[in-house]
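Chains as they are written, first to last, in my numbering: chain C, 340 to 545; chain F, 69 to 170.
Just so you know, these hints were derived from the structure itself, not from any lab. Treat the hints loosely; a few may be bogus.
Said to hold, decoys possible - Now the stretches of chain C that chain F is said to cover, found in silico as 3 or more residues with beta-carbon under 8 Å:
id	segment
1	413 to 425
2	461 to 470
What the hints assert, rightly or not - In the DSS-like style, the derived pairs of lysine-lysine whose C-alpha atoms are separated by at most 30 Å in a straight line are:
id	chain 1	residue 1	chain 2	residue 2
3	F	K111	C	K456
4	C	K448	C	K366
5	C	K448	C	K476
6	F	K103	C	K431
7	C	K423	F	K94
8	C	K448	F	K132
9	C	K423	F	K167
10	F	K132	F	K103
11	C	K461	F	K167
12	F	K103	C	K461
13	C	K448	F	K103
Small disclaimer: the values here were computed from a predicted structure and weren't measured. We put the beta carbon where it would ideally sit given N, CA and C, even for glycine.
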Amino acid sequence: MSRIILFVVASLLLFTACKEESRILPKYGFEDVVDGDTLNHKIPPFEFINQDSQLVSNESLSDFIYVSDFFFIHCPTICPKVKKQMLKIYDKYEDESMVKFVSHTIDPKRDDVSALKDFSTKLGVDHDKWYFLTGEKDEIYDIADDYFNIAIEDETAPEGFDHSGKIILTDKEGHIRAFCEGTDPETIPQFIKDVSTLIDEYRQTP
Amino acid sequence: MYEFHCAGCHLEDGTGLGEIYPPLTKSDYVIENIKDFACIISKGIRGPITVDGIEYNEEMPGNKGLTPVEISNIINYMNHTFDYGLAPQQLHETKEYLKRCE
């Protein structure tokens, strides 16, 4: 009897191990069918300005996978928590050239280029690795939608904005491949694994 | 109380964020300025401060509406959780310290 149990446990372990090995990250979002082809949800073309006044667009990011979030500097609620988790992920991939980090402010009126520059400097991160982006408010809020993040201007919310703390992983083609809750540190280790899985996917099929 | 009023920026574990929000874990600043904490919590603080050799210069808003008892509880929670090793602050002491910024 114990042999049978051992066999079952061993098979299960083997199965899980194989499954782990060959795991392919899903492409999140609704699918569209155009001319008979199924198209996965993609982040639409965008152009924003970073903390060094440089243009960052879907094109300039097309050779990278990137980890992104939405925040604002005066946020007294969830942002510092999310940033702390972003920093954890950043520390892990600081030397991995395929990965970039993108933080969109949802308060472009106050968070201009110089405010973002000051913020990122104080956060102590590499400006060529982690972009803090500002731009037209409507465009920022629209793209937040595309990342399944909520961003709303709300007078009753602390400091005037309400938003969610999702951290998103986008691939080179603009598909969302993984996400986690920046407010929940327990979701971060799996997300870090997902980033590595995506890196491997590109390394295996160059 | 700490979680609601302080942890948003200084985080639950008190480690703060980069050079933006200073840590509330044990530091030279905390130990030397603990008597000012009642006023800082109540009224906020602006202008540069140096914590363990790092300068921070973000404005911290005050927490209007906190009572002396609540402020005392927050300080004693930090003292206990972050192991400052200081004697618990008595309510009459907190009230005394609060007079400095009234």
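Going down the list of hints, with the structure as the test:
Given as covered by chain F, the segment 413 to 425 of chain C passes the check, having 7 residues with a CB less than 8 Å from a CB of that chain where 3 are the minimum. Coverage of the segment 461 to 470 of chain C by chain F holds. Counting CB-CB distances below 8 Å, 3 residues qualify, and the rule asks for three or more. For the hint pairing K111 of chain F with K456 of chain C, the CA-to-CA distance comes to about 28 Å; that is within 30 Å, so the pair holds. Of the supplied pair hints, the one linking K448 of chain C and K366 of chain C is violated, its CA atoms being roughly 33 Å apart against a limit of 30 Å.
A C-alpha spacing of about 8 Å is found between K448 of chain C and K476 of chain C, which places the hinted pair at or below 30 Å, so the restraint holds. A hinted pair counts as satisfied when its Cα atoms are at most 30 Å apart, and K103 of chain F with K431 of chain C does not qualify at roughly 39 Å. Using a Cα cut-off of 30 Å, the hinted pair K423 of chain C and K94 of chain F holds, with the two alpha carbons roughly 19 Å apart. For the hint linking K448 of chain C to K132 of chain F, the alpha-carbon distance of about 26 Å falls within 30 Å, and the restraint holds.
The suggested pairing of K423 of chain C with K167 of chain F is violated, with an alpha-carbon distance near 36 Å, which exceeds 30 Å. Between K132 of chain F and K103 of chain F the alpha-carbon distance is near 19 Å, which keeps this suggested pair within the 30 Å criterion. At most 30 Å may separate the alpha-carbon atoms for a hinted pair to count; K461 of chain C and K167 of chain F exceed this at roughly 34 Å. This hinted pair checks out: K103 of chain F and K461 of chain C have alpha carbons roughly 28 Å apart, not beyond 30 Å.
For the hint linking K448 of chain C to K103 of chain F, the alpha-carbon distance of about 37 Å lies beyond 30 Å, and the restraint is violated.
Hints 4, 6, 9, 11 and 13, counting from the list given before, are not met by this structure.
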